[in-house]
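Q: Protein sequences appear in the order of chains A and B. Under the numbering used here, the residues of the first sequence are numbered 1 to 115, in order. Under the numbering used here, the residues of the second sequence are numbered 1 to 111, in order.
In short, the hints are calculated from the structure, not lab data. We treat Cβ as the ideally placed atom computed from N, Cα and C, and that holds for glycine. Just so you know, not all the hints are guaranteed correct.
Beyond 12 Å from chain A on every Cβ pair, some chain B residues (computed) [said to hold, decoys possible]:
no., residue
1, L13
2, Q14
3, G16
4, N38
5, V84
6, S97
7, T100
Quick list of in silico lysine to any residue cross-link-like pairs, SDA-like style, CA-CA up to 20 Å [claimed, not checked]:
no., chain 1, residue 1, chain 2, residue 2
8, A, K41, A, E58
9, A, K41, B, D10
10, A, K38, B, N38
11, A, K40, B, S82
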Amino acid sequence: DTEVTQTPKHLVMGMTNKKSLKCEQHMGHRAMYWYKQKAKKPPELMFVYSYEKLSINESVPSRFSPECPNSSLLNLHLHALQPEDSALYLCASSQDPPGTSYGYTFGSGTRLTVV
Amino acid sequence: GIQVEQSPPDLILQEGANSTLRCNFSDSVNNLQWFHQNPWGQLINLFYIPSGTKQNGRLSATTVATERYSLLYISSSQTTDSGVYFCAVERIKTSGSRLTFGEGTQLTVNP
Chain A
1 DTEVTQTPKH LVMGMTNKKS LKCEQHMGHR AMYWYKQKAK KPPELMFVYS YEKLSINESV
61 PSRFSPECPN SSLLNLHLHA LQPEDSALYL CASSQDPPGT SYGYTFGSGT RLTVV
Chain B
1 GIQVEQSPPD LILQEGANST LRCNFSDSVN NLQWFHQNPW GQLINLFYIP SGTKQNGRLS
61 ATTVATERYS LLYISSSQTT DSGVYFCAVE RIKTSGSRLT FGEGTQLTVN P
């Protein structure tokens, strides 16, 4: 079983809906990440939280709003998404900096469809 | 940023065959990982291997950091090995470092 848990596994939402993706880790990692992955492409970094503070925002549209309530939890709030936002959203965690014997651990992802 | 090239892009094998996947990167790195993405989308960490050689069952990996490449060996392949294999690297700086993925190798193992 993965040590990074993401919920829900699948999500279908309309363009006017508001929804949230959740991610939880209990490995004591202090960095958490959101990635977006389109079909047949590698994951693309969206946001990085380091010690519960947003440290990297890769020019992501404001309809995606991350939140890190504590060191174990990471949320991604979604509002007014477009069909092209349909993708697999992956959460990851690591030590900060990630120079350990484990590197990054990824969750199993949320497959999002915007209709 | 660091460039990561993986080869081959696609590989089709019969069950039981062996294979070698390659990852070339353009700069020195502190972190190199091999991941397997299964058909359900989960990215499974196979190896954390910025240098040296590691083995885990039928899989092994070698990274030659001075020559900036890494190899993933799969022996006696099984249908469950099918999926996409990603190499990802990172050069850790004081801030702003990020994991850079290659485009992946799509492996299909036929029974």
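Q: Which of the numbered hints above does this structure break?
A: Violated hints (numbers, rising): 4, 5, 6 and 7; every other hint is consistent with the structure.
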